Structure formats: C-alpha cells, structure tokens
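Asker: Take a look at the letters that make up each chain.
Protein chains: 4
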Amino acid sequence: MRKIGVVTSGGDAPGMNAAIRAVVRIAYSKKSQVLGFMKGWEGLITNTFTPLTPRSVGGILQLGGTILRTSRCPEFRKKEGIKKAAENLAANDIDGLVAIGGNGSFNGALELSKETDTLIVGIPATIDNDIFGTDETIGFDTAVNTAVTEIDKIRDTAISHERVFIVEVMGRKRGFLASTVGLTVGAEIILVPEVKYSKANIFKTQRENSAKGKKSGIIVAAEGIGDTHKLAREIEENTGAEVRLSILGYAQRGGNPTARSRLLASLFANKAVELVSEKHENKLVGLQKGEITSIELEKSCKTEKPLDLNLLKLANILAT
Amino acid sequence: MRKIGVVTSGGDAPGMNAAIRAVVRIAYSKKSQVLGFMKGWEGLITNTFTPLTPRSVGGILQLGGTILRTSRCPEFRKKEGIKKAAENLAANDIDGLVAIGGNGSFNGALELSKETDTLIVGIPATIDNDIFGTDETIGFDTAVNTAVTEIDKIRDTAISHERVFIVEVMGRKRGFLASTVGLTVGAEIILVPEVKYSKANIFKTQRENSAKGKKSGIIVAAEGIGDTHKLAREIEENTGAEVRLSILGYAQRGGNPTARSRLLASLFANKAVELVSEKHENKLVGLQKGEITSIELEKSCKTEKPLDLNLLKLANILAT
Amino acid sequence: MRKIGVVTSGGDAPGMNAAIRAVVRIAYSKKSQVLGFMKGWEGLITNTFTPLTPRSVGGILQLGGTILRTSRCPEFRKKEGIKKAAENLAANDIDGLVAIGGNGSFNGALELSKETDTLIVGIPATIDNDIFGTDETIGFDTAVNTAVTEIDKIRDTAISHERVFIVEVMGRKRGFLASTVGLTVGAEIILVPEVKYSKANIFKTQRENSAKGKKSGIIVAAEGIGDTHKLAREIEENTGAEVRLSILGYAQRGGNPTARSRLLASLFANKAVELVSEKHENKLVGLQKGEITSIELEKSCKTEKPLDLNLLKLANILAT
Amino acid sequence: MRKIGVVTSGGDAPGMNAAIRAVVRIAYSKKSQVLGFMKGWEGLITNTFTPLTPRSVGGILQLGGTILRTSRCPEFRKKEGIKKAAENLAANDIDGLVAIGGNGSFNGALELSKETDTLIVGIPATIDNDIFGTDETIGFDTAVNTAVTEIDKIRDTAISHERVFIVEVMGRKRGFLASTVGLTVGAEIILVPEVKYSKANIFKTQRENSAKGKKSGIIVAAEGIGDTHKLAREIEENTGAEVRLSILGYAQRGGNPTARSRLLASLFANKAVELVSEKHENKLVGLQKGEITSIELEKSCKTEKPLDLNLLKLANILAT
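Protein chains in written order, with numbering that gives the first Met the number 0: chain A, 0 to 319; chain B, 0 to 319; chain C, 0 to 319; chain D, 0 to 319.
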C-alpha cells in the first residue's frame with residue numbers, strides 16, 4: 000500500500016476541495032492511503048496532518064476554499080524549512096506528494112523535490128490561470144464567471160446613469176482573467192499588464208464610442224495595470240464622460256466552484272494519482288489542447304505562459 | 000382620461016423597472032395614460048418623454064437599472080429648473096407625477112410640488128433604505144442579498160487563509176444596508192455611521208475571538224464609517240491577525256431584483272396610482288408595519304429614519 | 000442554568016440551520032445549555048441528541064437543509080410515541096423545547112405539550128408559508144426566489160419559441176408560494192388550490208393575450224390544483240398555442256437561505272429563547288404586521304391562514 | 000460588400016444571442032452586411048428578416064434565448080419548403096448563411112445547401128452537446144451549471160431527510176449533459192441512454208452505499224433512459240431507501256449564458272464569418288482539441304458523436 004500526501008498552498012481557488020476529494024477517493028480505489036497536510040507548506044514543516052478517507056472528504060465537492068487551509072509560508076523559502084519538510088515526508092513514509100496550488104507553490108515544490116525522494120506532482124489551482132503547462136487552472140472558470148456576473152450587474156447602473164465604469168479584476172502580473180472577463184462581458188476596453196496602453200487611445204476610443212451612440216461603457220482592467228483611480232479621473236477630464244471605478248476584490252477567489260472547475264479538479268487529480276502510482280518524475284498535470292497531460296515540474300516553473308493576444312483583438316472587434 | 004407622468008431619479012435601484020411597469024399597467028386598467036420622462040428630473044426640464052403602454056413595458060420586470068434612465072440633476076436644485084419642470088407638467092396636461100427614487104429625489108419633488116398643481120406621489124426606491132415613512136425601499140432586499148452572496152464567497156477565503164476581512168458595503172450616511180448584511184452573514188463586527196466605534200474595542204473583540212478559536216472573521220462596515228484601509232492596517236498591527244479589505248462597490252446597485260423588491264415595486268405602484276386617481280395631497284407611499292400606506296411627502300423629507308439598534312445588539316450576540 | 004432542546008421536523012426549509020445557530024448562541028448568552036435532537040420527533044422518541052455549543056454551530060448559517068436532520072415520524076402520531084418523547088424530555092431535564100418546522104410538526108408539538116411539563120415553543124419554518132400566526136415563515140422567501148430565478152430562465156425559452164409554459168410550483172394544499180411567485184415573475188395566469196378555476200376562462204385569457212400580441216406566456220400553478228399535464232394538453236387543443244409543462248420540484252426546498260430567511264430565523268430564535276426563559280405558555284413565534292410576536296400554539300394549529308386574494312387581483316392587472 | 004444571413008433554429012440554447020451579436024459585429028468589421036431571419040427556417044421560407052447592425056445587437060450578449068426567435072419547422076422537411084428558402088436566399092443576394100442550432104437544424108441546412116449557391120456555415124448551439132465535429136456546443140456549459148446548481152440544492156434536502164433523489168436532466172437520446180452533470184455533482188449513480196443499466200446493479204450499489212454510511216444519494220438520469228417514476232418506486236421497494244424524483248425541466252435551456260458559452264459563441268462566430276468570407280465549402284465550426292476548427296457540414300450530419308465513457312468510470316470511482 001502506498002502513502003500519498005496532499006497539500007493546498009498559496010492563494011485559495013474554488014475547486015481545491017473538489018481536487019482534494021478526488022485525490023483521496025482515486026487513491027483509495029488504488030489501495031493507497033492519503034494524509035492531508037494543513038495550512039500549506041507550513042503543515043509539512045510542522046508535521047501537522049490529518050488522515051483523509053473517502054468518507055471524511057464527503058460533502059466538500061461543492062465548497063469554495065480548502066478544508067486543508069492554506070497559507071503563504073516564508074519559512075519554506077529558506078533551506079532550513081525545506082529540509083524540515085523533506086524530513087517529515089520521510090518520517091511519514093510518503094511515497095508521493097500532491098501539491099495543489101499556483102506558481103509560488105510549485106517553485107516551493109521544485110525546491111523541495113531536490114531534497115527528498117518523495118515524488119512530487121503539482122495540480123494547478125489558481126484563479127490567475129498563469130501556469131505554464133496547462134491551458135486552464137482549477138478555479139479560473141469560477142473566478143471568470145463570478146466577475147462576469149458582477150459586471151453584468153454593474154452594466155445595469157452604467158446604462159441607467161450613462162456612465163463609464165472601470166472594473167478592476169484580480170491579476171497583479173498577468174491578464175488572463177481580465178482578458179477572458181473583458182471579452183465575455185463585452186467590455187469596450189480591456190487593459191492587461193502584458194500590453195502597454197496609451198491613455199490617448201483610451202480617450203479617443205471613449206470619444207468615438209460616445210459619438211456613435213454608446214452612452215455607457217465598461218473598461219475591464221487587471222489590477223496590475225497601474226493606478227485605476229487616477230485613470231478614471233483622467234478619462235473623465237479628457238472626455239467629459241462620467242467615470243466610476245469598481246474593484247471586484249476577494250469574492251473572485253471564493254464561492255462554489257463551477258461545473259468546469261469541479262471537472263478539471265477531478266480530471267487533474269485522477270492524472271496526479273496515476274503519476275504518483277507509476278513513479279514518474281516530478282510533474283505538473285495540466286490541460287493541453289483538450290487533453291489531460293503532464294510536463295516536468297521544473298519546466299513549468301521556469302517558463303512563462305504566453306497570453307493569447309488574439310483574444311484581445313477579437314474583444315476589440317466585438318466591442319464595435 | 001387622466002394623464003400620469005413617471006420618472007426615476009437619483010441612484011438606480013433594482014426594481015425600478017418593476018415599478019415603472021406596474022405604474023403603467025395599473026394606470027392603464029384605470030383608463031389613464033402614462034408618459035415616461037427620461038433621465039430623471041432632467042427630462043422634466045428638457046421636456047423629454049416617451050409614451051408608455053402595457054406592451055412597451057413588457058419584459059422589463061426582471062431587469063436591473065431603469066429603462067427611463069436616471070441622473071443627478073444640478074439644474075433641478077435651482078428655482079429656474081424647477082419652474083421649467085412645472086411648466087412642462089402643465090404643458091403636457093399631467094394630472095399626477097409618480098417619482099421613483101430616493102431622498103434627494105423627494106426633496107426635489109417637494110420643491111417642485113410648490114410650483115405646480117400636478118399631484119406628486121413618491122415611490123421609495125433606493126438600496127440605502129434610508130427614507131422615513133417606509134420600513135423598506137425598493138431595491139434594498141436585492142442589494143442585501145447581493146452583498147450577502149459576495150460575503151459568503153469571501154468567507155471561503157477568510158476561513159482557508161485564517162484571515163479577518165473588512166468588507167465595505169454601500170452607505171455613506173446610513174447603516175441600514177450594513178446592519179442587515181452584517182447580521183445575515185454572521186459578521187463578527189458591524190460598523191455603521193450612526194454608532195461611534197472604539198478601535199480599542201475592535202482590537203479586544205478580535206483578540207477574544209482568536210482566543211476562543213475563531214481563526215477568521217468578517218467585519219462589515221458601511222462606507223461612511225471612515226478610512227477602512229487604515230482600520231485594516233491598525234487591526235493587523237494591534238492584534239497580529241492578517242487583515243484584508245474588500246470594497247463591494249457598484250454591483251450592489253444592479254442585478255435582477257429579488258422577488259421581494261419586485262413585490263414591493265408592484266404594491267407601491269398600485270398605491271401610488273390609486274393616490275393619483277383619488278386626488279390626494281402630495282404623498283410618499285411606503286410599507287409600515289406590514290401594510291402599504293402613505294405619508295405626506297414633506298414629512299418624509301423632513302424626518303430622519305431611525306436605525307434599529309436592536310438589530311446590531313442581536314448581531315453581536317449571534318457572533319458569539 | 001436552563002436546558003433547552005431544539006428539534007427540526009417535517010419538510011426541510013432553507014434557514015433552519017440559521018435558526019438552530021441562533022437558538023444555541025442566544026441561549027448561551029443567557030447561560031442556557033442546548034441539546035439538539037436528531038431526525039425530528041424520532042430523536043425525541045429514541046433519545047438521540049447531540050450537545051450544541053456556539054462553536055459547534057459555526058459555519059452553518061448559510062447552509063440549506065438542517066444539520067439536525069429531519070423526518071416525517073409516524074410513531075409520533077401514536078400516544079405511545081408521544082409518551083416516550085415526554086419521558087425523554089423529563090429524563091434529560093429539558094426546561095424548554097424549541098420545535099422548528101411546519102404545520103404537521105406543530106400538531107405533534109401540541110399533542111406532546113399535553114403530556115409534558117417542558118415548555119414548547121414553535122418556530123415556523125416551511126417553504127409553504129401556510130402557518131397561522133405569522134405573515135411569513137423561514138424558508139418562504141428563499142423558495143420564492145428560487146422559483147422566480149428558474150422561471151426567469153424558462154421565460155427565455157417561452158419567448159424564443161413563442162410558447163406558453165405551465166410552471167408547477169410546490170403547494171399541495173395552499174397557494175402562498177404560487178401567488179407570490181406568479182406576481183413577481185409577471186405570470187399571465189396564476190392557479191392556486193384555494194380558488195376554483197374555469198378552464199374556459201383560461202382558454203379565453205390565452206386567446207386574448209395572443210390577440211393583443213403576447214406571443215408567449217407563463218402560467219404559474221400550485222401542485223395542488225390538479226392534473227397540469229392534462230391542463231397543458233387542453234390549452235393546446237383549445238387555443239392553438241404551443242404549451243409546455245415544467246415542474247420545479249425539490250430544488251425549491253434547498254439552497255442557501257436568502258438574507259430575509261436568515262434574518263427571520265435569527266429574530267424568531269431570539270423570541271423563542273426569550274419565551275422559554277420567561278416560562279410563558281406553549282407558543283408559536285411569528286411575524287405579524289412587521290413585528291416579532293407570538294400566539295398560542297394551539298390557536299395556530301386550529302386556525303387556517305387565509306390567502307391574500309388581493310395579491311391575485313393585482314397580479315391579474317399587472318399581467319395586462 | 001458581402002451580405003450574410005443569420006438564423007437560429009431548433010431548441011434555443013444560452014449563448015445564441017452572443018453568437019448573433021458576434022456574427023454581426025465581426026461581419027461589420029469586414030464590411031459585410033447582416034440580415035437576421037426570424038423564427039428559424041420559417042423565416043427563410045416566408046422571407047421574414049430584419050437587418051442587424053452593431054448597434055441593434057447591443058445589450059444582448061448576456062441574454063438567454065434568441066432575439067431572432069426559433070422554431071421547429073415541418074415545412075422545411077419538405078422539398079417545397081427548402082426550394083422556397085433557396086429562392087429567398089437568392090432574391091436577397093445572400094452570399095453566406097450562418098445557421099446557429101443543433102442537429103436537426105444542420106440536417107435542414109445540408110438539404111438546403113443542395114438547392115442553393117449560398118454558402119452555409121453551421122455554428123453548433125445546443126445544450127445537448129451531441130454534435131459531431133465539436134467537443135463542446137454553445138449553451139452546454141450553461142445548462143451543466145444550471146443543473147449542477149439545482150442539484151446542489153436538492154442535495155440539501157437529500158441529506159436532511161436521508162433520502163435518495165433521482166434527478167432527471169435533459170437528453171432524450173444522448174447522455175453528454177447527464178454524465179458531466181453527474182460527475183460534477185458527485186452523483187452516486189449516472190444513467191445515460193448510451194449505456195444499458197441493470198436495475199439489480201442499482202439496487203446493489205444503493206445497498207452498499209447505505210451499508211458504508213452514505214445515508215443519502217443522488218442518481219442523475221438522462222430523460223432518455225426510460226421511466227424514472229417507475230425506477231424510483233422500484234429502488235424504494237428493493238432497497239428500503241426513501242426515493243424521490245425531480246425533473247429539472249426547461250430551466251436548463253434558458254438563463255444568462257456562462258462566460259464559457261459566451262466565449263465559445265464569440266470564437267465560433269469569428270470562425271464562421273471568416274469561412275463565409277473565404278468562400279469555403281459548407282462547413283460546421285467547432286472546438287476540437289482546444290482549437291477552433293471546422294469540418295464538412297455533411298460529415299457532421301452523418302456521424303454520431305461518441306460519448307466519453309471514461310468520464311462515467313471516473314465518476315463511479317469518485318462516488319466511492
């Protein structure tokens with residue numbers, strides 16, 4: 000019988016619980032036992048865990064957040080912390096560790112992999128969708144829909160008051176969330192960290208929209224694009240439009256996962272447990288071209304996922 | 000045949016369209032005709048209106064915002080603007096004007112009533128629920144549920160990360176929204192403009208909660224209570240808790256109205272058209288002690304609605 | 000220190016958990032202890048209970064269903080079962096029993112009250128809203144909104160296909176749910192068990208609607224009005240309209256409670272614990288004319304709550 | 000300047016409006032003009048259409064149903080009807096016709112293509128997801144999420160009453176919806192038309208679940224699997240479990256499209272207009288292995304899309 004550890008780390012994402020449940024039940028079907036480490040990497044360092052069984056993960060499929068808790072763990076960025084974690088993996092006889100999280104978590108996992116014989120498999124779960132090696136991460140679809148639902152509401156006010164709204168969505172460094180949300184709410188303008196924007200162009204677009212009878216508008220901006228308060232004020236001053244700012248905030252990270260986030264969680268978990276059972280190298284599972292696949296953990300950590308600029312071009316045409 | 004005008008003014012609220020629809024169809028059943036003035040009081044000054052029929056208000060019952068548009072209208076705060084509006088009411092032979100909006104709108108309506116023979120009836124519609132003469136306004140229930148749904152999501156992250164969240168809801172001057180939302184999400188602390196709060200007490204409560212095993216928490220704050228960014232930082236510094244701020248923003252003002260907001264809209268419109276038909280004085284319709292009633296428009300404008308402090312006390316006990 | 004029992008019985012309703020939580024925390028603030036009996040009256044007969052503490056009811060406020068489980072309990076309709084329950088109340092030193100449920104539950108509670116000295120207080124929780132002594136029950140607002148949300152979706156198809164839909168909502172004997180839902184979705188026709196309907200009139204209305212350009216329509220029917228499959232077929236045959244039937248089903252009974260259902264649950268629980276503490280007679284708490292009140296349990300059981308027919312008349316006008 | 004026709008046909012699906020909007024705006028960006036034919040193929044036969052412009056399709060992106068209406072059109076199954084449609088395409092100088100719909104619609108389109116020189120491009124939009132040549136259809140993701148949301152609610156009652164629920168989802172012939180919904184709600188059993196099921200096995204699974212402490216359960220069944228009323232009764236009789244049936248019905252076909260349904264609609268429309276501009280043969284656009292592609296319309300019509308049985312196997316393991 001094999002022993003598998005599971006841990007959620009970094010920012011929480013809807014569907015993490017679905018992934019935990021799937022890891023446990025699939026492992027159980029392969030006669031493996033699962034330990035859940037608490038509070039992210041912290042639990043590996045402090046050796047805090049709880050045995051997980053098919054029954055103990057009942058009723059969590061549809062819950063946001065993570066029953067294993069999560070944290071950002073500074074100790075884990077130090078050699079000492081990582082060594083302690085490696086010791087605990089050995090002490091508990093863990094054959095494979097399934098790490099559910101985002102970029103930061105996988106960098107940690109990569110460091111840990113250098114100090115341990117335990118096989119490590121990553122499952123990408125973050126609303127940012129910024130992980131190389133997968134077209135989509137667990138939680139992304141949920142966050143997109145949460146933002147879209149909110150912006151559909153904001154548009155009611157935009158239209159009624161004939162105002163322009165800048166809506167800031169999450170994404171400090173990357174614009175995956177902003178670009179998908181922007182296209183699917185029909186945003187007039189989408190601003191992402193990857194593409195430099197010209198304020199003059201924004202003013203021009205706004206004036207043209209106004210001229211062609213678009214009396215209200217939505218600008219979707221990733222938080223990483225700079226000062227949106229200032230931008231709102233400047234658009235107002237330069238175009239005469241009434242402009243308001245709404246920052247969607249942490250609700251984007253929570254809530255019941257959508258069907259798609261639950262499905263991805265189940266498929267990724269299935270692949271991860273399979274990889275652990277087959278004693279592959281350290282890997283990250285993912286969705287690539289519609290198939291569940293995997294790549295080297297290291298490659299994922301060291302490569303930047305490109306943003307699909309065609310989506311932004313299409314959004315631009317659709318906002319005509 | 001009577002001629003009724005209808006106008007939506009001030010901030011939009013979910014259920015305004017339901018009220019417009021009901022005014023038109025009830026008026027029609029009483030053989031009255033309805034004109035919809037556009038963009039709030041501005042439409043009365045510029046004499047911009049559209050005839051509304053039972054068919055033309057089809058399909059709007061469930062839509063947020065207002066098909067008549069709305070605005071804040073500075074011209075209407077001047078004698079000249081009000082005179083112009085009064086002239087247009089006379090020129091169009093309007094027997095009664097139904098004004099759907101909030102406090103500012105009714106102050107305008109009251110001024111207008113002094114310059115016109117047209118009967119004016121107000122229908123309270125604002126997510127702030129701050130209008131004297133009614134226990135509940137159109138849109139309040141929707142905004143409460145929108146905020147509650149968002150905060151339920153934020154709690155997922157609060158629990159997963161063992162963090163405290165300050166969630167800022169709308170309410171520059173009044174805490175009706177914050178107190179109902181706070182109680183119904185099970186907030187650990189509720190802050191409203193009407194009640195001075197002691198930072199020392201907040202720190203103490205947070206420390207006690209932490210001591211009794213509440214590792215996460217929600218503080219619901221009305222926007223009018225002061226600088227929530229600063230408050231978040233100070234709680235963090237004084238209690239050791241990780242604190243985050245989320246400002247719910249404009250989504251609270253939009254979205255499909257809840258059943259209750261639609262019901263209130265229908266009942267208020269029914270009463271308003273009845274008052275217009277019966278040539279009462281200028282009134283505001285409302286819900287009082289479970290009944291649809293009305294009070295003098297002037298009385299509503301000149302009286303401050305008290306906040307139910309018992310709700311805050313109960314919320315405090317429930318947050319044990 | 001007093002000892003309070005709490006039990007949920009009959010059909011589940013969203014907000015029951017909010018009521019359990021509130022009973023426990025309010026009791027705790029009055030230095031009382033709470034035992035939760037499991038699976039409705041069955042738990043009183045089998046003496047199956049669990050101690051409830053402020054911490055053990057954490058995180059349940061927003062959950063549908065009931066953590067205490069519920070059941071329909073045939074043994075409790077027999078003298079023997081009731082005697083056993085009374086003995087267990089005595090054996091556990093229960094000063095007051097808070098029964099959360101609907102009509103059937105309160106009839107049981109009334110019988111039990113004749114065999115025990117334990118004070119019994121009922122909290123009305125049922126999506127049917129059919130309990131005398133309260134204008135609204137816990138769960139009603141949630142069920143109304145669930146149905147309204149579903150019917151808003153069905154209307155998309157109705158309009159796109161130019162069809163008439165009969166939508167059957169819950170309500171075997173009473174039409175509270177159907178009438179509120181019908182009015183708030185803008186149903187063309189509302190059918191409730193309390194009002195005999197003429198098929199000829201339905202055909203006539205449908206033909207008139209069609210003639211005035213209403214190409215689609217919604218008929219909201221309580222399940223107790225008879226065979227809706229047959230009705231659909233007959234409307235089709237007699238009017239030429241394409242008619243479809245949709246039965247909303249059990250989803251109406253579940254889901255996260257709305258803010259209003261949570262608020263009522265908290266207010267009712269507060270009153271119930273107060274009544275238990277003050278050693279009143281057996282009572283049912285309720286909302287009457289906007290105030291939290293109580294009436295004799297027996298009176299509630301023996302009186303039929305009237306349906307507000309004015310709501311149906313208004314709905315009829317609004318469907319113009 | 001080219002002239003493009005657009006038509007929605009067959010059952011409506013959420014995202015059809017998003018597709019119409021995208022066709023119009025993308026065509027416009029390529030200097031093409033768009034005519035919208037009304038009520039499915041009927042509008043081609045009766046030559047009923049409306050010119051569509053970037054402005055006239057504003058505000059429809061998020062609406063369920065189809066502004067062009069739809070119908071099942073028996074005349075179009077006859078030679079005569081198809082000839083009439085072909086004549087009208089010629090009379091209106093339509094270069095390309097974009098047909099948005101499902102299987103039946105594309106069979107019609109294929110017949111029409113034999114009688115006309117107008118290029119025909121199909122966009123797959125149906126909640127059934129049963130079209131060969133695309134991994135996913137517009138509306139499927141929305142219907143899945145609608146069903147999942149409903150079943151999450153039903154589970155509250157299932158758990159509270161310790162009952163088994165059979166939930167019937169749409170799918171007369173195919174089980175795509177049932178299998179994805181079943182996996183993502185964590186159904187204990189999934190029944191699809193493609194896989195023969197043994198009642199004895201269902202009884203056995205139910206008894207085993209009960210023995211291992213699963214006191215409630217969800218069985219997701221496609222409508223095409225046979226008499227679910229009877230099945231419910233038989234499970235009850237053979238296992239002792241309390242069993243209820245809930246038929247989700249037409250709400251699965253309506254509602255605001257999810258982000259994913261909107262995104263697919265936009266991407267498919269983009270491809271369709273491109274194909275029309277480039278004078279390809281008659282094609283169906285689709286999503287294959289994560290890429291937007293196209294196949295011959297005829298091939299799609301004449302090939303049955305296989306159901307992924309691995310999904311059912313995985314669901315089975317996850318229901319452990």
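Hints in this document: simulated from the structure, not taken from any laboratory. Source: prediction; values computed, not measured. Please note that a few of the clues may not be correct.
If chains are identical, the list can't say which one is meant, so a pair holds when it fits in one copy or spans any two.
To be verified - Restricting the straight-line Cα-Cα distance to at most 25 Å, the calculated cross-link-like pairs of lysine to aspartate or glutamate (DMTMM-like) are:
no.: 1; residue 1: K113; residue 2: E193
no.: 2; residue 1: K203; residue 2: E236
no.: 3; residue 1: K198; residue 2: E280
no.: 4; residue 1: K214; residue 2: E233
no.: 5; residue 1: K288; residue 2: E79
no.: 6; residue 1: K172; residue 2: D92
no.: 7; residue 1: K304; residue 2: E290
no.: 8; residue 1: K83; residue 2: E161
no.: 9; residue 1: K2; residue 2: E135
no.: 10; residue 1: K213; residue 2: E110
no.: 11; residue 1: K77; residue 2: E241
no.: 12; residue 1: K113; residue 2: D92
no.: 13; residue 1: K298; residue 2: E114
no.: 14; residue 1: K288; residue 2: E303
no.: 15; residue 1: K78; residue 2: D134
no.: 16; residue 1: K304; residue 2: E241
no.: 17; residue 1: K203; residue 2: E290
no.: 18; residue 1: K270; residue 2: E290
no.: 19; residue 1: K83; residue 2: D134
no.: 20; residue 1: K172; residue 2: E241
no.: 21; residue 1: K270; residue 2: E135
no.: 22; residue 1: K29; residue 2: E277
no.: 23; residue 1: K203; residue 2: D226
no.: 24; residue 1: K288; residue 2: D307
no.: 25; residue 1: K270; residue 2: E110
no.: 26; residue 1: K312; residue 2: E277
no.: 27; residue 1: K211; residue 2: E222
no.: 28; residue 1: K29; residue 2: E161
no.: 29; residue 1: K172; residue 2: E74
Asker: Which of the numbered hints are not met once you compare them with the structure shown?
Answerer: The structure breaks hints 1, 3, 5, 6, 9, 10, 15, 16, 17, 19, 27, 28; every other hint is satisfied.
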